[in-house]
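A.B. asks: Join these two chains into a complex; the hints should help.
Residue numbers (our numbering), protein chains in the order written: chain A, 497 to 936; chain B, 5 to 184.
If you are wondering where the hints come from, they were derived from the structure by calculation, not from laboratory data.
Watch out, some of these pointers could steer you wrong.
What the hints assert, rightly or not - Counterexamples of contact, computed for chain B against chain A with all Cβ distances above 10 angstroms: (1) L11; (2) I12; (3) Q13; (4) G21; (5) N72; (6) L88; (7) R95; (8) D100; (9) H123; (10) R142; (11) P168.
Said to hold, decoys possible - Partner residues aside, some chain A positions facing chain B, computed with beta carbon under 8 angstroms: (12) E573; (13) R578; (14) L613; (15) Y620; (16) D710; (17) V894; (18) E900; (19) G903; (20) I929; (21) K933; (22) V936.
Virtual Cβ for every residue (Gly too), placed ideally from N, Cα, C.
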Amino acid sequence: METVALIAVAVFLFTYALIIDERIHRAVAAMLGAAIVVFIGIVPWEALLEHVDFGTIFLLLGMMIIVNTARGSGLFEYIAIRTAKLAGGSPIRVLVLFAIVTAVVSAFLDNVTTVLLLTPMLLYVARVMKLNPVPFLVTEIFASNIGGAATLIGDPPNIMIGSAAGLSFNEFLIHLGPIMAINMVILLGMMYLIYGRSMRVSPGEQKEMVRTLDGLDERAAITDRSLFNKSVAVILFVVLLFFVHDQVGAILHTVLPFVDPTMGLEPAEVALIGAAILLFWSRQSPEEIFEKIEWPALFFFGGLFIIVGALVETGVIASIASVMIENINSTGEAMFIVTWFAAIASAIVDNIPLTAAMIPLIQNLGATMDIYPLWWALALGACLGGNGTIIGASANVVVIGIAEREGFHISFVEFLKVGMLVLFVTVAVGFGILWLKFVV
Amino acid sequence: MGYSSSLIQRKFKDIVGKRYESVLKEYSEFLLTDEEMLVPEVRSILVPLDSFVHEITDEAIDVLSAYNATISLAYITDAGVLDLLEQTLDRQSAEDFRAKKEADGRELLERITERLKEHGFPTQTRMFVGQTGDDVVRMAKNYDMIALNRRYADGEATDLSISPTVLRICQRVETPALIY
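Bound-form chain B, shown alone (with noise of 0.2 angstroms):
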């Protein structure tokens, strides 16, 4: 270090004190880092959709259109209520309950693949039955996003708050994860 920055460095301190650390710190709450700041690359984002879930919100395709990525929309109706039907009432109610939230998917599926097309989104769609939780947490290994809708196997609420079934799988998931 030269004559010049050392006596700049200790000018600084001597002016400054510790004032600058405590300015920092108080900018670091709403100012970007560095690693912040890049756009990680994101090639391919799974949606996972169900009966709860009715649209992809406006403000979610933005966030999706900062990424040149594949949008791979999957279905799942769920497993678990499948065999609590056939339990409960008999194999044909629960056939036809599935039928019908197949029906329900097929309709949202084309819906968002519609709309993700108009904004130029590569889209692939798939439909099974399954674990809500569970399958995502196992698709999303294979993506580089995850996108869930903060009623994805929740429930018809109406309040803001965020289905369980999310958050634990943003828990369990090490792939990033938008919530919308």
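Pulled out of the complex, with its shape left as it was, chain A reads as follows (with noise of 0.2 angstroms):
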């Protein structure tokens, strides 16, 4: 191996264990990485905006700027309210709803948000119901995974696989849709029989649980009505827009003739033309809600394209594909090794640049065979892995992470064990109907 692959190696590794360890922020040690392999030359700056993929990083921003310009009008606090008091009092319910909804809402917008604005009243349910909090809190964690592995848009590795492979919101919901509809039916199966017996409360308790939860008004959690009004109709044409992206012209045409037909929008183009329209409608100061962007992600995501583009420039990357090329000798044994290392990986890697480390893979072996099994076999893998561990996915280390300032600890191992049951059982459900579909 030449010195300047051996360089990009070295750079890739140290990066990915700074972001295991996280001691330096992880968008710092991304953009640390890549300025090496910019100043080395290896990557050199026509060839770095190549690698930057730009579709992702305006779909993560236009999301941003719509979730944000959302969050202050209190339409989140409302659905969590709403949600609470639908349980009716019933821990089971409150479970399998706040699974539901947690799903629906990271299906269509960033999971970190959604568990972050859902989990503080996860939390006050359980505190009313006078019941161990972790087993809503797990389930939710394992919700918001599945639920966003179901869209294009509902999680950063499937934004990038979209973006990278150019593929369209549909064909997203039609792959992995009923994938992890079948999968959320399973997990809750699951979490009723590991943790049912400790969620039985009194009827005494359950009457007390109404009162109090009744008592909450969700109207109150509206701070600004019209924001509220506007932020749904927003999010409704941006989600309405994302299913006819590829057919924008199209429709376009009928009404207006000078429009190509043939056009489409691409994802980041949809989220872009969103964020442009409630911040216009809004009349929300775009000061204060760009101040609100995590441009740390969006710098993390930037460092990591460079450094997994520092791979392909020194040929890395085409040699890892080319052993696989020799040693694989079907689409569906490809399909099964992406799968699994995807999986098994992802939670301990952190699915995010894990899946920027293999979507060059998966196009290099694009010249020898069909690869558009894999990029669903990818998705699946990067998006239900994370549920292995808890730094698997940024949805486990959001809900931990508040769980433990508010005083329960959910240990590594306890974790572990509910998780990578989790992981095996949803993967090999999804791998077996992606088997179904493409192979067999």
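C.D. replies: This is the structure:
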């Protein structure tokens, strides 16, 4: 291996070690790694712009603007209180409803914001029920990762895969949506079997809980009614636009004949259009909203793309791909390896850097085999693999971090036992369905 | 703190930044704290009444029913009004007024007592001539809670404003006060 290739691999491994340990901010670690490979000249300026996936970065940026603007209206708190009240004092119903709401919201908005806003409510409900909140929190984590895996915009790995492979929102929904729906049912069944016995409350306690929760006024959570309505309208419009983003030209052409009927919008464009509409319509101060954008996350992605770009530039990815091609005999075999490698590695490394590294590898495999099924294998493994450990996905870290701050400790091993079970069952189910779809 | 906990805290800080604090602040505006969730032990409740109070509302009874407390109804005829009548008219007019107000008071006490008993409240009643504000403040020290009608010691106003006497009582008592 050439010296530059060795340096690229060393920078890659060193950066990933820093990201796993997080003694240095992940964004700083990624930027440092990127700075080294750029400084040495492994990734020249022209190549740098090619390696940074602006589709991913702008999609994240657009959705961050929409979510942060909507947050100011109290929309998420409203959803949380409505969900708590709907449960009617039954712990099992709390678990099921919060899991479903978390999964659905995570499918369309980012997982971190979803769990960040729902977890305090879940802790409150558990406190009212005088129950250990851990089963509810753990279920919320799994639901967020499963829900996020269902759509192109639900989870960062899907955003990265969709952007790199040019996959549409509907393709994600068709191939991964049903798998995640089935996995949600399985998850709820598993959680009931594991935690059901610890969730019993007396009728008196249930009555008390209903009375306390009924005392909450979800309308009081809405701090700005006008912004609330506009946010809901824009989010619905953006979701609708995602459904038809690759057919926008054909739709517009019927009304505006000068529009090219073959034109489609990239998911990033949809998110930025939605952000622009919401900012214009709501008249929110752009300075305040832009301040709330998670810039470190965007720089983290940018840095990762450059570090992985260094592996591409030095031929490391091509070498690994050629070894794989020599040893893999069929698409089914490749699917198996990609799914399970992504799932297990995601539980250890964090699924974002893992996906960043896997994407060019799969692109390289495209020379000799049909890689279309591999994108779904990667999405499945990377998203659901995040369920394996407490550091597997950002949602896990956020929920467990909040729990620790509120005095509830979830140990690494305690989570690992349930997380690995969920990982293996949900990935196996998903892989089985993908296998039936693309191999059999 | 073990490695796992410190790792989670480091990652949490990097992913969430200061957003969690702002989320907590938003929630704190409408979620009850641990202290607020505890129902305080209330064994005796003073309910001052006068000629301006005509009923005890269903909502107030709902709230009072959260406590297993004895309710003391105190009908107070305003001594200041009687003095004023005696000075401006004569003693007999003041006595007639007093007799009339006490008859009204007895009827009100009977009606409210019956209603409270229907809801299972142990009830005590008393009636006296005194200061509608000062006497309530003095008596409140011997009770765990006071429940004040918003029209108490006010007048026959039809708006929803709270009587100045009620507000003054609330400012002066340490006992928790419910305004209905």
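A.B. asks: Should the label of H123/B as a non-interface residue stand, given a Cβ cut-off of 10 angstroms to chain A?
C.D. replies: holds, 17 angstroms
A.B. asks: Once the closest CB in chain A is found, is it more than 10 angstroms from P168/B?
C.D. replies: Correct as stated: the minimum Cβ-Cβ distance to chain A is 28 angstroms, above 10 angstroms.
A.B. asks: Measuring Cβ to Cβ, find out whether Q13/B lies farther than 10 angstroms from everything in chain A.
C.D. replies: At about 6 angstroms from chain A, Q13/B fails to clear the 10 angstroms cut-off, so the statement is violated.
A.B. asks: Restraint: R578/A near chain B, CB-CB cut 8 angstroms. Satisfied or not?
C.D. replies: Given a least distance of 13 angstroms, the restraint on R578/A is violated.
A.B. asks: Is the hint on G903/A kept, meaning its closest Cβ partner in chain B is under 8 angstroms away?
C.D. replies: violated, 11 angstroms
A.B. asks: Can I929/A be said to touch chain B, with a Cβ gap under 8 angstroms?
C.D. replies: With Cβ-Cβ at 31 angstroms, over 8 angstroms, it is violated.
A.B. asks: Would you say R142/B is clear of chain A, with no C-beta pair closer than or equal to 10 angstroms?
C.D. replies: Nearest chain A Cβ is 33 angstroms from R142/B, so the label holds.
A.B. asks: So, as I understand it, the hint says Y620/A touches chain B; can you test that by seeing if any CB pair is closer than 8 angstroms?
C.D. replies: holds, 5 angstroms
A.B. asks: Verify that the Cβ of I12/B lies farther than 10 angstroms from every Cβ atom of chain A, and report whether the claim holds or is violated.
C.D. replies: violated, 5 angstroms
A.B. asks: Does the claim that L88/B lies off the interface hold, with its Cβ farther than 10 angstroms from every Cβ of chain A?
C.D. replies: Answer for L88/B: holds, closest chain A Cβ roughly 44 angstroms.
A.B. asks: Against chain A, does L11/B hold up as non-interface, every C-beta pair farther apart than 10 angstroms?
C.D. replies: L11/B not clear of chain A: closest Cβ-Cβ about 6 angstroms, inside 10 angstroms.
A.B. asks: At a threshold of 8 angstroms, is the proposed contact between L613/A and chain B supported by beta-carbon distances?
C.D. replies: This interface hint holds because 6 angstroms falls under the 8 angstroms limit.
In summary, the structure is inconsistent with hints 1, 2, 3, 4, 13, 16, 19, 20, 21, 22 from the numbered list given earlier, while agreeing with the others.
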